[in-house]
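Novice: Residues per chain are reported as follows:
There are 2 protein chains.
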Amino acid sequence: MANIALMGHGVVGSGVAEVLLKNKEAFEGKLGEEVNLKYILDLRDFDVPYKNLFTKDFQTIVQDKSVSVVVEVMGGLKPAYDFVKTCLENGKSVVTSNKELVAAKGAELLRLAREHNVNFLFEASVGGGIPIIRPMHQCLAANEIREVAGILNGTTNFILTKMIREQMAFDEALKLAQSLGYAEKDPTADIEGGDACRKICILASLAYGKHVYPEQVKTEGITKLTSEDVAYAESWGGVIKLIGRAKKLENGKLHIMVSPAFISRESQLAGVDDVFNGILVRGDATGDVVFYGKGAGKLPTASAVVADIIDEIKHKDTIKTLYWEDGSKDYVEQYENYSTPMYIRCSAQNTKTALAQANELFGTVNMLARKNQPENEVAFVTPVLTEKAIAEGIKKLELSGVSVLAQIRILDY
Amino acid sequence: MANIALMGHGVVGSGVAEVLLKNKEAFEGKLGEEVNLKYILDLRDFDVPYKNLFTKDFQTIVQDKSVSVVVEVMGGLKPAYDFVKTCLENGKSVVTSNKELVAAKGAELLRLAREHNVNFLFEASVGGGIPIIRPMHQCLAANEIREVAGILNGTTNFILTKMIREQMAFDEALKLAQSLGYAEKDPTADIEGGDACRKICILASLAYGKHVYPEQVKTEGITKLTSEDVAYAESWGGVIKLIGRAKKLENGKLHIMVSPAFISRESQLAGVDDVFNGILVRGDATGDVVFYGKGAGKLPTASAVVADIIDEIKHKDTIKTLYWEDGSKDYVEQYENYSTPMYIRCSAQNTKTALAQANELFGTVNMLARKNQPENEVAFVTPVLTEKAIAEGIKKLELSGVSVLAQIRILDY
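Going line by line, the protein sequences match chains L and U.
Using the UniProt record's numbering, you'd call the opening residue of the first sequence number 1 and step up by one each time.
Using the UniProt record's numbering, you'd call the opening residue of the second sequence number 1 and step up by one each time.
One or more of the hints may lead you astray.
Which copy is meant is left open, because identical chains are indistinguishable; a pair holds if it fits in one copy or across any two.
Derived SDA-like pairs (lysine to any residue); straight-line CA-CA distance at most 20 angstroms [stated by the list, open to error]:
| id | residue 1 | residue 2 |
| --- | --- | --- |
| 1 | LYS388 | GLY327 |
| 2 | LYS316 | TYR338 |
| 3 | LYS395 | THR351 |
| 4 | LYS30 | ASP284 |
Because the hints were derived from the structure by calculation, they are not lab data.
The whole structure should be built from the sequences, with the hints applied where relevant.
Specialist: Here you go:
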C-alpha cells in the first residue's frame with residue numbers, strides 16, 4: 001500500500017483529492033497496489049466527505065513513516081520550500097505543481113531527492129495538464145534540444161486573443177479576463193511575464209541540465225501592447241504572442257527571454273489561442289515537436305499531479321536522469337548581445353525623413369502599413385541586429401525628434 | 001553493459017545505428033552503463049565504418065545471452081513477427097518502429113513480453129519522432145481518454161496541403177509527392193488510408209486496453225477528393241484532412257474510422273500541414289492535448305527508437321501498465337450506426353428541386369456555395385444523422401435523378 005499525504009486543499013489540491021479518491025480502484029488494478037490518501041494538510045476547515053483526512057500539523061505527515069509520497073500543492077515559497085525539503089530529507093518522495101518553488105529551488109531539491117534515493121517530480125508545474133516535463137526528459141535521451149519556446153501563460157494569451165480577434169484594448173481585455181476568473185485581482189505575475197518566466201526557467205533547466213533563476217531572465221510583459229501593434233503584426237503576416245524561449249548558444253551560455261513577439265501566422269504556436277498553452281521543443285533529431293493543451297485549471301493540473309504520483313509508485317528509485325545542477329552567475333548571456341529582427345513603431349513629423357534615417361541606422365528596413373494609419377505614424381521591421389545595436393539606433397532616432405512608441409521582437413518559430 | 005542488436009539496416013535502422021554510435025558516451029554518462037551496439041542483422045552488405053557488426057544469421061542474436069535488447073526496424077510481418085516472438089521468448093526486450101507488426105500482433109507480443117518479464121516497446125510506430133505512446137500511456141494513469149484523433153500519415157497530408165493551398169489536382173499532388181520521395185512508387189498504403197488505419201488501431205488499443213485489428217476499421221482514402229470539395233470545405237470554414245479517430249461509446253463498443261473529413265479552421269489539427277502529423281487526445285481531466293511534429297523520416301523515427309532503448313535499459317522489469325488484451329469480433333461498432341453531419345455534393349438538372357428534396361430527406365440542410373459553381377451543382381451539409389440514414393437518403397436522392405458526386409464527414413475536433 002502506498003500512503004499519500006496532500007499539502008494544500010485549494011483549487012489543485014481538491015482536484016487531486018477528488019481524482020485519487022474517485023479512481024482508487026482503477027489505480028489499484030493498474031498498479032497492483034493500494035493508493036491510499038492518508039492526510040490532507042490545510043489550516044482551513046472544509047466540509048467535504050473526506051474531512052476525516054485533514055490535519056493542521058505538518059509533523060503528523062513527516063513523522064508517519066508509512067507515508068511515502070507527499071504532494072505539495074500549496075503554492076508560494078513559504079512554507080512550501082521548508083516542508084518539501086523536510087519531506088525529502090525524511091525519505092519521502094515529493095510531487096509538486098508549484099512552479100515558483102521549482103524555478104527558485106529546483107536544483108537543490110533534485111539533489112536532496114537524489115541523496116535520499118527518492119524523487120522530486122513536477123510535471124504539473126509547467127503546462128497544466130499538457131505532458132511536457134516527462135516527454136522532454138524522455139526526448140533528451142536521444143536528442144540534443146536546440147531550442148524550447150512556448151506560450152506558457154493562459155491569462156495573457158486570453159488577453160492577446162481578445163486584442164487580436166475582437167480588437168479589444170488591453171485594459172478592456174484584462175477586465176474581461178478578471179470577470180471570467182482567468183486573471184487574478186492583482187494580475188501582475190501574469191501580465192508582467194513573471195509566471196511565464198518561471199516556466200521557461202524550469203524548461204531551460206531541464207533541457208540544458210543547469211539551473212536558470214528567474215532573476216537572470218530578461219522579462220517583458222504585455223501591458224504596453226496596443227491595438228496599433230496588433231494591426232501591424234497582422235499586416236506583417238502574423239500575431240503577437242507572449243513567448244518564453246531558451247536556446248543554448250555556441251559559446252556555451254544560454255539565451256533566455258520572455259517578451260511579446262511577432263510570430264508568423266504559419267507558426268504552430270500562432271493558432272494557440274484563448275487560455276491554451278503551446279510548447280515547442282526543437283530537437284536535433286526530432287525537429288520541431290509541439291505540445292498543446294489547457295495550461296491551467298483544476299482537473300488538468302490535478303491529472304498531471306496524479307500522473308506523477310503513479311509514476312513515483314511504479315518507479316520507487318530515484319530517476320537519475322531527471323536532474324540538473326546549480327546555476328551560475330555568468331551562465332545566462334546578456335540579452336543585449338543577442339540578435340533579432342525588431343518591429344519598431346514611431347511617430348514623426350516627417351515620416352519620409354524618419355524612414356530614411358531608419359534605413360541609415362539599421363540597414364534596409366521593411367516598412368509596414370495598416371488601415372487608418374495616421375499621417376505621422378511609421379512602422380518597420382529591422383534586419384537581424386544585436387539588441388545593443390537596435391537600442392543605439394533607437395536612441396539616435398529619438399535624438400532626431402522621432403518618438404519610438406513600440407518595439408517588439410520577431411521570432412521564427 | 002547493455003548489448004543491443006539491430007534487425008534491419010534500412011532508413012530507420014541506419015539512423016538508429018548512427019545515433020547509438022554517435023552518442024555512445026553521452027548515453028553512458030546518463031545511464032551509468034555502457035550501451036553497446038553488438039550486431040546488425042541484414043541480408044544486404046553495406047560499406048559503413050561499423051561493417052564488422054553485421055550478421056546475416058538471426059540465430060547469432062538469439063543465442064547470444066549477453067544481448068538484452070533487440071531493435072526491430074525491418075518492417076512488414078514476415079519475418080519480423082517470428083523474429084520478435086523468438087526474441088521475447090528468449091528473454092530479450094524488443095523495441096520496434098513497425099506499425100504493421102504492432103497493429104496486427106500487439107496484444108500477443110505484449111502478453112509474451114509480460115510472460116517473460118521483458119518489454120515490447122513501440123514509441124516509433126506512431127507519429128515518428130513525436131512522443132505519443134509514452135505520454136498517452138502516462139496520461140491514462142489519471143485520465144479517462146474520451147477520444148483520440150489524428151493526422152497520422154504525412155504523405156496524404158502533404159498531398160492535401162498542396163490541393164488546399166495551391167489548388168493542385170490529386171494526381172498532380174501525388175506525382176509531386178513521389179518526385180520528392182514523400183510517396184512510394186506504389187502509394188496505395190498511404191493514399192487508401194491503410195497506414196493511418198494501422199496507427200489509429202495502435203492508439204485505440206492503447207487508449208482502451210483492447211486490441212483493434214486493421215480489418216475491423218472502416219477505412220477511406222483520399223483518392224476521390226477533388227478541388228471542388230476543397231473549395232466547399234473552405235466556404236464552410238475549414239479544410240479537408242485525412243483523420244483517423246477512435247472513441248469509446250456508451251454501449252462499451254468502439255467507434256473507429258479513417259476517412260477524409262471537414263475540420264474547422266479553428267481546430268488545432270487544421271494547421272497541421274505538409275508532411276507533419278498531429279494527434280489530439282481528449283481526456284476527461286486534461287481536456288484536449290495535441291501532439292505535433294514530423295511523423296516520419298530517418299532521424300525523428302530513429303530518435304523515438306533510441307528513447308525506447310534508453311527507457312528499456314533504465315527500467316528492466318516489464319512495464320505492467322503498457323498492455324492491452326486481445327480484441328474480439330463484436331468490439332467495434334458498425335460504422336453505419338454512428339452519427340455525423342455529412343457534406344454532400346451533387347449534380348442535378350434542377351438544383352432547387354434537389355435542395356428541397358434534400359431538406360425533406362435529411363431535415364434542414366445547410367447549403368454551401370463556391371466560386372465558379374456550375375449551375376447544375378449543389379452542395380450542402382446535413383444535420384447529425386446516422387450513416388445508415390444518410391446512405392438511405394442518398395439512395396433516394398439518386399433515384400430521383402440527382403447524382404451524388406461526393407460525401408465527406410464533418411468532425412468537431
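Novice: Determine for every hint whether it applies to the structure shown.
Specialist: Comparing the hints with the structure gives:
{"no.": "1", "hint": "LYS388 x GLY327", "result": "neither (25 angstroms within a copy, 63 angstroms between copies)"}
{"no.": "2", "hint": "LYS316 x TYR338", "result": "neither (43 angstroms within a copy, 44 angstroms between copies)"}
{"no.": "3", "hint": "LYS395 x THR351", "result": "within (17 angstroms within a copy, 67 angstroms between copies)"}
{"no.": "4", "hint": "LYS30 x ASP284", "result": "between (35 angstroms within a copy, 18 angstroms between copies)"}
Violated hints for the displayed structure, listed by number in ascending order: 1, 2.
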